[in-house]
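Visitor: These protein sequences, in sequence, are chains A and B. Heads up, the first sequence is in the numbering used here, so the first residue is 1 and it goes up one at a time. Heads up, the second sequence is in the numbering used here, so the first residue is 1 and it goes up one at a time.
Keep in mind that the hints were calculated from the coordinates and are not lab data. Bear in mind that the values here come from a model prediction, so they are computed numbers and not experimental data. Treat the hints with care, since some could be wrong.
Stated by the list, open to error - Quick list of the computed label-pair ranges, beta carbon to beta carbon: (1) A/S339 with B/G196: 44 to 50 Å; (2) B/T135 with A/D293: 39 to 45 Å; (3) A/E399 with B/W286: 49 to 55 Å; (4) B/G196 with A/E399: 52 to 58 Å; (5) B/R7 with A/D32: 32 to 38 Å; (6) B/W99 with A/P434: 54 to 60 Å; (7) B/G4 with A/S99: 57 to 63 Å; (8) B/E207 with A/R458: 50 to 56 Å; (9) B/G4 with A/G21: 27 to 33 Å; (10) B/G32 with A/S99: 50 to 56 Å; (11) B/W99 with A/G334: 52 to 58 Å; (12) B/R7 with A/A88: 57 to 63 Å; (13) B/G196 with A/D32: 44 to 50 Å.
We put the beta carbon where it would ideally sit given N, CA and C, even for glycine.
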Amino acid sequence: MTVPSGPAPAAVPAVRCRSLGVSFGAVRALHDVSLDLAPGRIHALVGQNGAGKTTLVKVLGGLQAPDSGEVHIAGRKLPSGDARAARAAGLAMVHQHFSLPPSFTVAEALELTAFRPGGRSVYRRAELRRRWRTAAAEIGGEAVLSTRIRDLPVETRQSLEIVRALATDARVVILDEPTALLTPTAIDTLFERLRRLRDDGVTVLVVLHKLREVAAAADTVSVLRDGELVLGPSEMSELSQGQLSDAIVGPASGADRAVGVEAAANGERQTLLELVRVSSRESAFEPGLRRIDLSVDTSEIVGIAGVEGNGQRSLVSVIAGLDAVVEGSMVLGGTEMTSAPSARRRLRGLRLVPFDRNSEGISRRAPVWLNQSALRLIGRHPRRFPLISLRQYKRQAAEAMDHWQVRYDSVTQPAESLSGGNVQRLILSREMAPGLEVLVAAQPTRGLDFAATNFVRRSLRGLRDAGAGVLLVSSDLDELFELSDRLLVMYGGSIVARFEAPYDRRAVGDAMTGALR
Amino acid sequence: MTGGLQRLASTVVLVGFSFLLTALILWISGYGVGDVFSGTIQGAITATGAATSTVRWAIPLLLIGLGVVIGFRAGFFNIGGQGQFYMGACAALVVALGWREGPATLVILCGTAAAIIAGLSWSLLPGYLRVRFGTDEVLTTLMMNFIGALVLQYLTAGPMRNPSGTGQTAASERIPEAFRITDSSGVSATVLLLVGAVAVLVWLLLERTRFGLTMTLVGRNPTMARWQGIDVRRVGLVTFGLSGALAGLAGAVELHGPGARLVTGFSPEVGFTAVVVALVGLLSVWGTVVAAIFFGGLQSAILFLPIVTDLPPPALVLLHGMVAFLVTVKLRAVRRRRTGSASEAVTS
């Protein structure tokens, strides 16, 4: 790797923090973190879920006042916990969660939040569009400028957050897990963009999950584990993949042995889920299904590949019973279910890991036990006494969560207090309960760290081996190649290609971009 | 648990603060603050018949307030208690006056059933608009209050008017004495048993049934509830129905109890006060019971005070308003937290 004009050792670090400590109650989020980031480089920050990455990033951006320690930008000490001062010092942030007001149009949001000089208090729409035309090119053209934020698909919202941060004349850009929601192509574009920024002398700090992405993007890497800086910043060129993953995971804990899954298998091969020429209505940013034929049998994982926004969301919603079938039919477990309500499908053994785990998968403010028990609330139990025992619900939830190694303090804590990986384990503990026949898993490992990703993949495989059918929708090709027995590619709401292992990456890629049509 | 204690403490502080502000305003206006507060205590507790009067006013507040609690649990803000209460009372009146010769028990039961159905329907209309079209239920339930008040006015000034009435405001004929479940004090064993049973049932529904848990999930995150196979619209309709049914029941209790007849615009504040009662009661069933007694005491004191002080009757309403104001400020924060994630998905 060529390092552009390696900074002289004496150069003032672009970002320097000294002995940062942050605690939330009894939880120590950061402990004695000291870090110097050389100017004009791309620095990666990695670590497991809950290692303190987001906290560190928030402290740097002035959004979280540290209990101890200090932050310097370009040699000047920042007042602690002052986001304005951080921005004035040339630091821009791209958050993990969306921060733009949903009711604004893209142009309005950019004008309001990007702090680009030259704006006026009173504006005309045409003028706004002119000002932001170049920026809009990055996110799908000028037409997007008058779209409201809430109508944008997740991917575009994410890109917009990045565009917004980069629109200011920032000297330091911090991105918290920017790739979590992006397609592989969009990730390449993002990294290309970060490299251009670096070449312009901007210092970039990016929080990443996948080691492959770290290798592709970063000049240096720093590793956080349990709130402490255990490695770095070290030059990527001087590190082996093994050293890096050891630093992230730490001494082997044995916490991640495979979890057995009980599925309702009876040995015989049969079709569990079948869609015949199914079409559905399009939504604002996603094509509807166009005459989809698809089946999932016992003991197989069927992968769905495709660039995001090509109907995957429609597919999962149609199977779940949340979007209506306009034409065609669907059979689940041998029963016609084309227009059956969602609850009946669930009771027939359909289980779901939704795309967005924090809004669709759990209720953030409901206690974990209630989130875990949600599937017990549907269906009628006419003969049963109407009053229930909460203690029994809580105990069973706790047992299931222990079995799936969800890390929690108390069953009554709100689900939002769990880390991303633990939220996914909570969802799996609920969905993979006995009675499962077909699991539809949408982006089940997105945004998860290394250990949690492996855990989820092992669980899916375990499910297949126990006789269940799995439909895996993912934008991670490596994951699809590793897990799928068959692979279907979606493009524009249709299935345009079907592959069997071993997979030809180029052929699949061509199908994803529509080159086969 | 600490979170619950914190909320309790903040509510107690808020009510205490309202007392302070009211005292300050009364003091500035030149009234004897000491007299007013000792009068309040007398009017709510110690004077002859004051405790009974407190309970009498607590009953409608509690019934309507429990309806508000139910609505909130599933994420809906039903402030239409006043209109649902009026419609319930009107339905009970129509039954009682239309069947004067009927056996008393049967008439009371039918009147109560009619009141429940009337309150329920008055609430289901905005409920349907909410789950089907996403119409803001705060607006629609509020507007339905005015329509309910006009229906009451129409009945008392029109078909049900007491022709021999001499008062300035239109009033209906009295229902036969046999159809009453309390004397004019408004408190009897029957009513207390009924209200107690309702409170226990609501508590069981919310805290010990699968439907109660379902309501909680829908209230916290309807999107997630949909993904879990929960029929969010059905839950919404049932919730609105139950909420309105309780307000309708309060109307029947009012007519068959202390009222015995309906007067145009009677108990004009009870619907809104019940919302405040539910909020001060921290949206829990037992908290609402305590808050209803507290506000029942205030109402009783408001009626008593002019007897012992030179205070004009509306002066204590100030205290009322002060609590309502501060609670609303607190509520805004709660609603804002909820709407971000929740309200959209209910309609889709």
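Visitor: Which numbered hints turn out to be false for this structure?
Guide: Failing hints, ascending: 3, 4, 7, 8, 12 and 13.
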